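If you read the protein sequences in the order shown, they are chains A and B. Numbers in this note's numbering are just positions in the first sequence, counted from 1, shifted up by 1. Numbers in this note's numbering are just positions in the second sequence, counted from 1, shifted up by 7.
Treat the hints loosely; a few may be bogus.
[Stated by the list, open to error] The calculated label-pair distances, taken between Cβ atoms and stated as ranges, are:
#1 A/Glu-518 x B/Arg-76: 41 to 49 Å
#2 B/Lys-44 x A/Gln-558: 54 to 62 Å
#3 B/Ala-48 x A/Asp-413: 53 to 61 Å
#4 B/Arg-121 x A/Lys-455: 43 to 51 Å
#5 B/Arg-121 x A/Asn-560: 53 to 61 Å
[What the hints assert, rightly or not] Covered by chain A, per the in silico footprint, the following chain B stretches (three or more residues, Cβ under 8 Å):
#6 16-22
#7 101-110
[Stated by the list, open to error] Calculated pairs, DSSO-like style, for lysine-lysine (alpha carbon to alpha carbon, straight line, at most 27 Å):
#8 B/Lys-10 x A/Lys-455
#9 A/Lys-493 x B/Lys-73
#10 A/Lys-427 x A/Lys-468
#11 B/Lys-44 x B/Lys-80
#12 A/Lys-578 x A/Lys-634
#13 B/Lys-79 x B/Lys-44
#14 A/Lys-300 x A/Lys-456
#15 B/Lys-10 x A/Lys-456
#16 A/Lys-508 x A/Lys-468
Hints were generated in silico from the structure; no laboratory data involved. Because the structure is a prediction, the values reported are computed rather than measured. A virtual CB, placed ideally from N, CA and C, is assigned to each residue, including glycine.
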Amino acid sequence: MYENACEPLLAKGVFVKKNGMKESDKGLVMNGIYESPLPMFACDEHGFVLYQNCAAHKLMGYRADEQKTLWCDVWRVRRIDGSSLSAEACLRILAEVGENSKATEVLMEANGQAAQRMLLISSPHKDQEGRYRGTFNTLVDLSHSVAIERKQAFLSAVVESSDDAIVTKNLHGTITSWNRGAERIFGYQEQEVIGKSITILIPESRLDEEDRILAQIQSGIKVDHFQTVRRTKSGKEIFVSLTVSPVKDSTGKIIGASKIARDITREVETQATLKRYANNLEAINALNRLISKNLDVQKILQEVIDATTRLIGASFGAFSYNNTVGEDDKTNMLYTYAGGPADLFQSALSGTQIVRSTDITQDEQHMSVPVISSDGTVLGRLFFGSPVTGTFEAWHKDVATNIAAQAAVALDNSKLFEEVNRLNAKKDEFIALASHELRTPLTTINGYLQIVKKKLDDPKKITFIDKTLNQVTKLTKLVAEMLDISRIETGKLDFAMEPFDLRESVKDVVDTFRYAEASHTITFAEQGNPVPVMADRMRIEQVITNLLGNAIKYSPQSNRVEVLLEYEDDSVRVNIKDQGIGITEEQQKQLFTRFYRAEGTDKIPGLGIGLYLSKEIIERHGGTVGVESVFGKGSMFYFTLPIAQNK
Amino acid sequence: MNKQVIVLEDDREIREMVEYILSEEHLEVRSFEKVEKFWKAIDSIHSDLFLLDIMLPDGNGLEVCKQLRLQKKTQHIPIIIMSAHFSAVEGECNPADFIRKPFDVDDFIGTIHRIIA
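Only chain A is shown next, with the shape it has when bound in the complex:
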């Protein structure tokens, strides 16, 4: 309601007292009204505009020239709800307003623009008889304040509807406003906190923060996304993110602060959970890496139970494992444990005593996860316990199950590894046994043949015996090679190293061949400096024998084999050249592999082990083996060895 402090001055006779006013006074008043910054206009009792001042003219945009224009029509006046005024109302409203409230808000369209909100202040004029003669009206442009009002209403709505707590305080820290978000987050109603200190929200340990915040605000610096802890009405402490901004008055002076607090308890918890999950994942991965490298059953069991018990926060854990050993599938139970008292576990898991669950522990919580092999058999069990209720939730079970799966894989691998070792050992046993068994009858065969040969005179018979003896020798050699192969593959071929002259060894082998094989002429330069090497003499001679034997064997059309020895400062090379069938490039690549026999050699007997063995022997002495050959023309096989340096 518009408060008009002035009473109707007609009564006082100040307003229009024609007789008391001079003409110049009238002019003063009339001019003043005309030039007043407030729009003013006068209407007669019918509502027709009699007069408008300059400001009214300026505001409304045009003059009401015609006396007969209703004031509402001139300025397209409507009620503030937008409804238009009827002709009658147009007449009446001024009188009513004037009589009753003296002021009302109306909408006026002026200048072809949108309707503006105006405050209409009406002073009715009555004549001496008391008859209503018209009104004198003043207009106040509310559009600016309406805009402000609208803005304020909007801002209010923003503040009220926010989920965040929006609180204002003055520079003493007294709460001056409190929105709905604050009510929800902190639990206090608006009326409970207005006028109280903001420190009611701050836990004791953090009270110094308030001083720091105020100090920063007073120097005009905003506090941005400051993560801290605040206390609600119930005493619960929550994580919040605070943004505090200085509130300034129109002069720019800081008069208080506005605080926006976001409840980040859930974010903090989520982050903590994520971090925990990340740590757990890392621990699980570390455990997996560890057990996947390990093939020792006991170690696997121990690592798994230690890590898992820790990981899921159990106070103790046990891993029982059905250990199947050997071919007869004997099973015994292995177990390892972590965290709990040893004797309780032993009696519980070895099954020698009846143990009640309350003896194991007085706890409420236990969890048991089977460890299942890839073929479905249950390898064992993981068992965990904790005295704290609610320790084991779904994710604990997931973690334990995941680890159990990994443990199963590791245990399967360990088993396979043990099996492979066992089979390897068996194979070696077999080969050793087989070679021994084969050599026994060979001894007798060889011996008696030699004895018989001595008793013969007939050269033909002697030849027969010799041929038979040769075959026995071959057989013996095959058995030896078989044993050697087995030993090489399991890394059990040992060398008896000694210093000797390689030239001499080559000479010995060449001599043996010269004596035995008349078919080929073997050339070898025997003169020359001794070539000292440190090696297993027997094995090196085995290599030379193999290469020389091959040279002869694979050159049936020729009758010549050359043996050459060349050396430089640190290594010696023995070359054995033949003019035999030669070897294609393709064949050369595969030549030194196990059991390989080049095509076209099936008429020539042999197992194909010799070159492979020779390669292994030479390479393990630190030398190299190779061949240069042209198919159809001949081959040159060679090997190198390091020369023994005299230190």
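Fit chain B to the known structure of chain A by using the hints.
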């Protein structure tokens, strides 16, 4: 008096063949197929050379060798180990020589004469 070779070998054929070879070389031979029998007899017979196989049904030739070295009575008597098994001969046995099966008869005879002398 001829020298006497004591043979410990479980294969009958090899045993007989060795007996034949050695007797052709004018050597006395006493052979045993089991370690137990060997020990029982050894105190009462004269030995100039021991020829021991390694794989025996009731023992190991290398063990026998070690034992012979420990006993005062047999310490000085030379030992030859004869075997198809070319395994590392342990230090404590320390035989005078090693004969690989199958062997060349002449080599065999040569070694025997050399060691027993």
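Quick rundown of the hints versus the structure:
Taken as a hint, the range 41 to 49 Å holds for the pair A/Glu-518 and B/Arg-76, whose Cβ atoms sit roughly 44 Å apart. Between B/Lys-44 and A/Gln-558 the beta carbons are some 59 Å apart, a value that agrees with the proposed interval 54 to 62 Å. About 56 Å separates the C-beta atoms of B/Ala-48 and A/Asp-413, a value consistent with the hinted range of 53 to 61 Å. Between B/Arg-121 and A/Lys-455, the C-beta spacing of about 20 Å breaks the proposed range 43 to 51 Å.
For the pair B/Arg-121 and A/Asn-560, the beta carbons lie near 39 Å from each other, so the given range of 53 to 61 Å is not met. Under the rule that three or more residues need a Cβ within less than 8 Å of chain A, the assignment of the region 16-22 of chain B holds, with 3 such residues. By the rule of at least three residues with a Cβ nearer than 8 Å to a Cβ of chain A, the coverage given for the region 101-110 of chain B holds, with 3 such residues. Distance restraint check for B/Lys-10 and A/Lys-455: the Cα-Cα separation of roughly 24 Å lies within the 27 Å cut-off, and the hinted pair is therefore satisfied.
Pair hint A/Lys-493 plus B/Lys-73 holds up; C-alpha atoms about 25 Å apart against a cutoff of 27 Å. With a C-alpha separation of about 36 Å, the suggested pairing of A/Lys-427 with A/Lys-468 is violated against the 27 Å cut-off. Restraint check: the Cα-Cα separation between B/Lys-44 and B/Lys-80 comes to about 18 Å, which is no more than 27 Å; the hinted pair holds. For the hint linking A/Lys-578 to A/Lys-634, the alpha-carbon distance of about 11 Å falls within 27 Å, and the restraint holds.
Our distance criterion of 27 Å between C-alpha atoms is met by B/Lys-79 and B/Lys-44, whose separation comes to about 20 Å. For the given pair, A/Lys-300 sits about 68 Å from A/Lys-456 by alpha-carbon distance, which is inconsistent with the 27 Å threshold. At roughly 25 Å between alpha-carbon atoms, B/Lys-10 and A/Lys-456 fall within 27 Å of each other, so this suggested pair holds. Under the criterion of a C-alpha separation no larger than 27 Å, the hint pairing A/Lys-508 with A/Lys-468 is consistent with the structure, at around 25 Å.
Violated hints, in rising order: 4, 5, 10 and 14; the structure is consistent with all others.
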